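Chemist: In case you want the letters, here they are:
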Amino acid sequence: MQPNLTRRQAIARTLGLAGAAAMAPPALAASPHRKQLLVLFLSGGASQLETWDPKPGTKFGGPFRAINTSLDGVRIGELLPRTAKIMHKLAVVRSVNSNLPDHEKGHYAIQAGRLAPGYPVLGSAVAKLLEQPGDVLPGYITLRRDGPKAYTDTGDAGFLGAKYEGVRVINGLPPENLIVPAGINAAALQTRDAARRAADERFLRTHAKAPINGYGTTFDQARALMQRREIFDLKAESPKDIERYGRHDFGQNCMLARRLLEAGVPCVRVVHFDWDAHQDNFYWHQMRCAEFDRTFVTLLDDLEQRGMLEHTLVVVTGEMGRTPQINNFGGRDHWGRAWSVAMAGCGIKQGVVHGMTNDLGTEVKEDEVGIGDLFHTYLTALGIDSSADYHLNGQTNPVADPAARPIKAVLA
Amino acid sequence: MNRNSRFLKLLSLLAGTSLSAGEAVPLHEQIDGLMTKDWAAAKITPAVTSTDADFFRRLNLDLNGVIPTPAETKAFLDDRRTDKRPRAIDALLARPEYALHMARVFDVLLAERRLPAVKSYDVAATAWRGYLAESFAANKPWDVMAREILASDGSDESQPGAVKFYIARDAEPHQLTRDVARVFLGTDLQCAQCHDDPRFDDYKQADYFGIYAFVSRLSFFRDNKLNRSFVGEKAVGDVTFTSVFTTKQGKTDPRLPGGKMFADPKLEKGKEYVTAPSNSARGVPVYSRRKQLAEQMPRAETPGFSRNLGNRLWALMFGRGLVHPLDLHHAKNPPSHPAVLAAIEQWLVQHRYDIKGCLREIALSRCYQLSSELPGGVEPPVDAFAVSAMRALTPEQLRWSLLQAMGRMDTHFLRTLEQLKKTKPAEVETKLKDWHWKKDGYELLEKQSSAVIAAFSPLPGTDDSKIDPVVDHALFLLNSPKIIELIKVAPGTSFDRWGALSDPAALAEDLYLSLLNRRPIAQETEEVTGLMKSTKTPKERAEALQPLVWGLLLSAEFRFNH
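Here the protein sequences line up with chains V and Y, keeping their order.
Quick note: the first sequence uses the working numbering, first residue 95, plus one each step.
Quick note: the second sequence uses the working numbering, first residue -2, plus one each step.
Okay, chain V solo, but in the shape it has when bound (with noise of 0.2 Å):
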């Protein structure tokens, strides 16, 4: 049997090195690149009827076509005519049921991996899951346009504490006070810092460590930006990159994201809003899915085309699904019990579609998925062991639900 070969294994032998990649194996031969995450967050909840899992020409079905994909024998929505051609390259779970159907729940739930109350989200939990010594970007950074839906930022950290908490980036302007206002001369500012850190360890000597370190940390992580306020500049873009990625918020997000990472980020998540269609759901997937799509595709390809993809776990999701069932006004409302999750890149199988709903898509048909899987399988992608615990402040809390399993058919 063919053993599975890593990207550069499969280069190398294709050159005709295979005998000097025996010899010495990838991981020796250069360190491997840490591993990231990029979420893409449709929020609000896409149609998996529109997306990943259409229906055409049933009751519920919608009026859109089904497409070919570049995986045979699979058909997604005619909205997404890009994606199409890349499927080879994703897994999507179309068997998803969260039973959530609320926005402020389903969004801490999806992203925590459980209903219970107070855990990291995704993003907070793998920055300290893969933190390094030395690190001081931010573990985790969030990009998205001004909206007034506050439960967008619902959760994050959990008991992780403040320094895994999401930086925001709103409307693609760096976070403010970046810079140190003029006429402060720098021995003033010397002064300054290496009083609050004295002051600071007479503190920590008597008191409880993980707040005083924690409020600490944000000090370090505000120097750290200041001195590389750069990686937020789009400006250094081309204006074709701008153009590839599309001028809305969305494109842009995606680009910064792709431009944060390259930076060393471990962690981005980028927000794409309005897919809450109780009305004109048509209308609104076509204008949402126009904008996902390509910006989706670019993203992967530049991933893949500068060698990020290989180190890079990538996820689409949102807090939940659509109703099969449209309503009076043409629209699709919040339904969690049958619904689709894409991923792609590190870790992840390529070109797998996993479990199926049945033919009007009301209920998971195989191979049903909960919350708590797609979380496991997140972090196994990583290369993070799900079933370890964390410790922290005289606590035992288990990194993922126990009762939950990672979804092995979509594991590389």
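Think of the hints as simulated: they come from the structure by calculation, not from any bench.
Since the model is a prediction, treat every value here as computed from it, not as a measurement.
Heads up, the beta-carbon is just placed ideally off N, CA and C, and yes, glycines get one too.
It is possible that part of the hints are untrue.
As the list claims (entries may be wrong) - Computed, partial: chain V to chain Y, Cβ under 7 Å: (1) 275; (2) 286; (3) 289; (4) 293; (5) 294.
What the hints assert, rightly or not - In silico lysine-lysine, DSBU-like type, Cα no more than 35 Å apart, as pairs: (6) 303/V - 34/Y; (7) 71/Y - 303/V; (8) 183/V - 329/V; (9) 153/V - 245/Y; (10) 257/Y - 245/Y; (11) 419/Y - 444/Y; (12) 201/Y - 459/V; (13) 353/Y - 149/V; (14) 303/V - 485/Y; (15) 222/Y - 266/Y; (16) 303/V - 329/Y; (17) 479/Y - 533/Y; (18) 303/V - 40/Y; (19) 435/Y - 116/Y; (20) 329/V - 430/Y; (21) 536/Y - 485/Y; (22) 329/Y - 248/Y; (23) 329/Y - 459/V; (24) 459/V - 443/V; (25) 268/Y - 231/Y; (26) 435/Y - 81/Y; (27) 459/V - 288/Y; (28) 303/V - 353/Y; (29) 245/Y - 459/V; (30) 137/Y - 329/Y; (31) 257/Y - 303/V; (32) 153/V - 201/Y; (33) 436/Y - 418/Y; (34) 329/V - 479/Y; (35) 502/V - 329/Y; (36) 303/V - 502/V; (37) 81/Y - 303/V; (38) 430/Y - 444/Y; (39) 201/Y - 303/V; (40) 71/Y - 329/Y.
With chain V fixed as given, assemble chain Y onto it according to the hints.
Modeler: Same frame as chain V, now just chain Y:
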């Protein structure tokens, strides 16, 4: 035996006290007795009692919302009376700042920093906070306040601000249902909206819709002539619900969890309204379900009503509830110390929801007065309350504490007073006796520090016990021109005083009393002395000190209530 006394009996059983003994043993002693038992059972060694300086800072932050002035701290530290702690508690509870602080706390607790969809349609901040401040100044019982807030439709000219709870949520029935249950009863019924909550046996869809039926007829009404927002109500509309799991259907009249249904009275057809709702008029029904809610809910026998208040007052003093999160009381998330919570609940019922009295009792407890220094270097579990927790100052506490540390509050009130003496000397005495002059003074001070609130406020709907420092805060404190404006060397600030002190030891003492509310240790005095070397004029001294002052304001010791 009426319902109320039966309920008290049940609580006293829970608290493990008898009713007669419960009255004899003060609440703070009950708390300490029960806590000591719980610590012994869990083999936890509690921290020692806090130093006077730690206690005084914490007490000022918790009861007045701001760190003390250096003069106040010095007086307290040098006071040799053995009962100076109870004296300090009573003194702080008697100050106007208590009512103003509680108004800010309950503004956040009740409105949760929410704004209506059209921001300019919000209730005037002065009207809402004025209502709260008057209520706390009069120590209005919580059931009375809750009744006024839930009954308000904005039309009562004596307290127009009370309608904020509804307006901040656009009078949207589902949001109101969820928040009435969360804010007043300490339970979150959100998931029960669509089905019986699978997580918790005790959250029933019928409970959700029982509360929903009280508010389902409400709507937001903007009176463009008066430029004010009101709550309108219809006289009709029934509530039915279907579980998304079982497709089981239910119909309900207004009902509180575990209580009976309140059917609408039969009214003659065509006579259901005082004012029928229209585009230009707010609906006012003859029978109001909203008023029924206000009448029925704030009672001892409503499950959760007393417990929620007790838990939230505890959280105010400890930074964490006995039930935590504060809005998630259910069978699988019981209180960490059930008997303590039951004792507080019992006390509240017996003392007609006396908030000030309850805070006083909690402050008197040894548990509240524990040190934040770890006992034997070991950190006990957070829910043991065996060491005083480190909790980030709320945006409001931070704003006033920055102004206080920099001496800007004193200056402001002195100037106000001088102005008054100049312009209306005859009124000075009467004005000073009335606490309102302080209230008005603070409104003017808010302008100096509004950027702090903007930078540090968490998202709407987040309670203050969940506040965590994040990198945005650090960037603000390091680089924002707004913060630099507050802490720079300027006349009318503490720098005037510091610059005038030529003795380094005296200067170090005043500096640390001002910023960290304690005396400096030897090493800190040395550091100040080092900085003062080769400075001669007050201006030079102030300039040399400024970076140290800034650094100390960035320290964890300043940032946290501990």
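Chemist: Determine for every hint whether it applies to the structure shown.
Modeler: So, going through the hints one by one against the coordinates:
At a threshold of 7 Å, the smallest CB-CB gap from residue 275/V to chain Y is about 5 Å, leaving the interface hint in force. Evaluation of the residue 286/V hint against chain Y yields a held restraint, the C-beta minimum of about 4 Å falling below 7 Å. Annotation: interface hint on residue 289/V holds; nearest CB of chain Y at approximately 3 Å, less than 7 Å. Checking residue 293/V against chain Y by beta carbon gives a least distance of about 4 Å; that is within 7 Å, so the hint holds.
Using the Cβ-Cβ criterion of 7 Å, the hint placing residue 294/V at the interface with chain Y is satisfied: the shortest such distance is roughly 5 Å. Using a Cα cut-off of 35 Å, the hinted pair residue 303/V and residue 34/Y holds, with the two alpha carbons roughly 27 Å apart. At roughly 29 Å between alpha-carbon atoms, residue 71/Y and residue 303/V fall within 35 Å of each other, so this suggested pair holds. Restraint check: the Cα-Cα separation between residue 183/V and residue 329/V comes to about 31 Å, which is no more than 35 Å; the hinted pair holds.
For the hint linking residue 153/V to residue 245/Y, the alpha-carbon distance of about 24 Å falls within 35 Å, and the restraint holds. Between residue 257/Y and residue 245/Y the CA atoms are separated by roughly 21 Å; this keeps the pair inside 35 Å, and the hint holds. With a C-alpha separation of about 24 Å, the suggested pair residue 419/Y and residue 444/Y falls inside the 35 Å cut-off, and the hint holds. The suggested pairing of residue 201/Y with residue 459/V holds, with an alpha-carbon distance near 29 Å, which does not exceed 35 Å.
Restraint check for residue 353/Y and residue 149/V: not satisfied, since their Cα atoms lie roughly 63 Å apart, outside the 35 Å limit. The suggested pairing of residue 303/V with residue 485/Y holds, with an alpha-carbon distance near 31 Å, which does not exceed 35 Å. For the given pair, residue 222/Y sits about 31 Å from residue 266/Y by alpha-carbon distance, which is consistent with the 35 Å threshold. This hinted pair checks out: residue 303/V and residue 329/Y have alpha carbons roughly 30 Å apart, not beyond 35 Å.
Taking the CA atoms of residue 479/Y and residue 533/Y, the gap is about 30 Å. The hint holds against a cut of 35 Å. A hinted pair counts as satisfied when its Cα atoms are at most 35 Å apart, and residue 303/V with residue 40/Y qualifies at roughly 22 Å. Pair hint residue 435/Y plus residue 116/Y holds up; C-alpha atoms about 28 Å apart against a cutoff of 35 Å. Only pairs whose Cα atoms come within 35 Å are accepted, and residue 329/V paired with residue 430/Y is rejected, the gap being roughly 61 Å.
For the suggested pair residue 536/Y and residue 485/Y, the alpha carbons sit about 12 Å apart, so the restraint of at most 35 Å is met. With a C-alpha separation of about 28 Å, the suggested pairing of residue 329/Y with residue 248/Y holds against the 35 Å cut-off. With a CA separation close to 32 Å, the supplied pair residue 329/Y and residue 459/V stays within the 35 Å bound. With a C-alpha separation of about 22 Å, the suggested pair residue 459/V and residue 443/V falls inside the 35 Å cut-off, and the hint holds.
For a cut-off of 35 Å, the pair hint linking residue 268/Y to residue 231/Y stands: about 13 Å separates their Cα positions. With a CA separation close to 25 Å, the supplied pair residue 435/Y and residue 81/Y stays within the 35 Å bound. In summary, the hint linking residue 459/V to residue 288/Y is not supported, as the alpha carbons are separated by about 49 Å, beyond the 35 Å threshold. Of the supplied pair hints, the one linking residue 303/V and residue 353/Y holds, its CA atoms being roughly 33 Å apart against a limit of 35 Å.
For the hint pairing residue 245/Y with residue 459/V, the CA-to-CA distance comes to about 23 Å; that is within 35 Å, so the pair holds. A C-alpha spacing of about 34 Å is found between residue 137/Y and residue 329/Y, which places the hinted pair at or below 35 Å, so the restraint holds. At most 35 Å may separate the alpha-carbon atoms for a hinted pair to count; residue 257/Y and residue 303/V exceed this at roughly 50 Å. Pair hint residue 153/V plus residue 201/Y holds up; C-alpha atoms about 33 Å apart against a cutoff of 35 Å.
Restraint check for residue 436/Y and residue 418/Y: the C-alpha separation of about 18 Å stays at or below 35 Å, so the hint holds. Distance check on the hinted pair: residue 329/V and residue 479/Y sit about 28 Å apart at the alpha-carbon level, within 35 Å; holds. A threshold of 35 Å between alpha carbons decides the hint, and for residue 502/V with residue 329/Y the separation of about 32 Å falls inside it, so the pair holds. For a cut-off of 35 Å, the pair hint linking residue 303/V to residue 502/V is broken: about 39 Å separates their Cα positions.
Straight-line distance between C-alpha atoms of residue 81/Y and residue 303/V comes to about 31 Å, which keeps the hinted pair within the 35 Å bound. For the proposed pair residue 430/Y and residue 444/Y, the alpha carbon gap of about 25 Å is at most 35 Å, so the pair holds. Only pairs whose Cα atoms come within 35 Å are accepted, and residue 201/Y paired with residue 303/V is rejected, the gap being roughly 41 Å. Only pairs whose Cα atoms come within 35 Å are accepted, and residue 71/Y paired with residue 329/Y is rejected, the gap being roughly 47 Å.
Comparing the model with each earlier hint shows violations of hints 13, 20, 27, 31, 36, 39 and 40; every other hint is respected.
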